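A.B. asks: Sequence:
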Amino acid sequence: MRETSEEIAELQRLLDAAYGRSTEHLRSIVTEQRRLDAQELTQVLTGMCTLNLATVTATGEPRISAVDGHFLHARWVFSTSGSAAKARHLRARPAASVSYVDGERIGVFSHGRVEFLTDQHPDFQEIEDHLVAHYGSSPSSWGDDIVYCRLQPHWMVGYAFDKSAVLPG
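Note that this note's numbering has the sequence shown beginning at 1001, numbered continuously upward.
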């Protein structure tokens, strides 16, 4: 967990607002007992999480692919090849949705805008250090045009069918 108390509070406000704007159908599934709060999300979203990333083509057709997601400072971070279709889509249309689903155990659904992080970005080195610690090498070394992306969420909901089964302790 790398989140500051301010980031946890900001994430909680985001989660509360998103849940409040959610449909009755969503709230009938993600009940108060199954809803993960900000602190709980930071406890269960550790290490690498395979994300489903949804982008849109120039003609408005949806596309979905998977990326290695890392939840850092209450936002999803991932890397990919700059020549990948998803990178082209996101450069032109940065709106995206990501989901992390582990069977019925956990579901985290996020909508937002993707930003591309260069080595000049103030957060880049911490992200790079985290990824190197996880993978044993820098994603930048995996190809000629690797890009680092971060989803700035404007909507997010976290779910656990049985919180006691997923939360530590």
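The hints are simulated quantities; they were obtained by calculation from the structure and are not laboratory data.
Keep in mind the model is a prediction, meaning the values are calculated, not measured.
Backbone N, C-alpha and C define an ideal beta-carbon position, used for all residues, glycine too.
Among these hints, one or two may not hold up.
[Unchecked claim] Pairwise CB distance ranges, derived in the manner of DEER restraints:
id: 1; residue 1: 1065; residue 2: 1161; range: 35 to 45 Å
id: 2; residue 1: 1025; residue 2: 1120; range: 26 to 36 Å
id: 3; residue 1: 1017; residue 2: 1167; range: 36 to 46 Å
id: 4; residue 1: 1164; residue 2: 1009; range: 38 to 48 Å
id: 5; residue 1: 1129; residue 2: 1031; range: 35 to 45 Å
id: 6; residue 1: 1059; residue 2: 1129; range: 17 to 27 Å
id: 7; residue 1: 1064; residue 2: 1133; range: 26 to 36 Å
[As the list claims (entries may be wrong)] Here are the simulated lysine to aspartate or glutamate pairs, EDC-like style, with alpha carbons at most 20 Å apart:
id: 8; residue 1: 1163; residue 2: 1040
id: 9; residue 1: 1163; residue 2: 1119
id: 10; residue 1: 1163; residue 2: 1016
id: 11; residue 1: 1163; residue 2: 1126
id: 12; residue 1: 1163; residue 2: 1037
id: 13; residue 1: 1163; residue 2: 1032
A.B. asks: Please check whether residue 1059 and residue 1129 have a Cβ separation lying inside 17 to 27 Å.
C.D. replies: 39 Å, violated
A.B. asks: Okay, residue 1065 versus residue 1161 on CB: inside 35 to 45 Å?
C.D. replies: With Cβ atoms ~26 Å apart, the hint is violated.
A.B. asks: Please verify whether residue 1163 and residue 1032 have alpha carbons no more than 20 Å apart.
C.D. replies: OK: residue 1163 and residue 1032 at ~11 Å, within 20 Å.
A.B. asks: Indicate whether the distance between the beta carbons of residue 1064 and residue 1133 respects the range 26 to 36 Å.
C.D. replies: Taking Cβ atoms as reference, residue 1064 and residue 1133 lie about 28 Å apart, which means the hint holds.
A.B. asks: Is the hinted range of 26 to 36 Å satisfied by the C-beta distance from residue 1025 to residue 1120?
C.D. replies: 43 Å, violated
A.B. asks: Within 35 to 45 Å: is that where the Cβ-Cβ distance between residue 1129 and residue 1031 falls?
C.D. replies: Because 38 Å falls inside the window, the suggested range holds.
A.B. asks: Need the status of pair residue 1163, residue 1016: alpha-carbon distance at most 20 Å?
C.D. replies: Status holds; Cα separation ~18 Å.
A.B. asks: Verify the proposed pairing of residue 1163 with residue 1119, using a straight-line Cα cut of 20 Å.
C.D. replies: Distance of about 38 Å is beyond 20 Å: violated.
A.B. asks: Is 38 to 48 Å right for how far apart the beta carbons of residue 1164 and residue 1009 are?
C.D. replies: For residue 1164 and residue 1009 the Cβ distance comes to about 25 Å; the hint is violated.
A.B. asks: Quick one, are residue 1163 and residue 1037 close enough, alpha carbons at most 20 Å?
C.D. replies: 11 Å, holds
A.B. asks: For the pair we were handed, residue 1163 and residue 1126, check the Cα-Cα distance against 20 Å.
C.D. replies: Cα-Cα ~30 Å, so violated.
A.B. asks: Okay, residue 1017 versus residue 1167 on CB: inside 36 to 46 Å?
C.D. replies: Violated: the Cβ-Cβ distance is about 23 Å, outside 36 to 46 Å.
Of the numbered hints stated above, those contradicted by the structure are hints 1, 2, 3, 4, 6, 9, 11, listed in ascending order.
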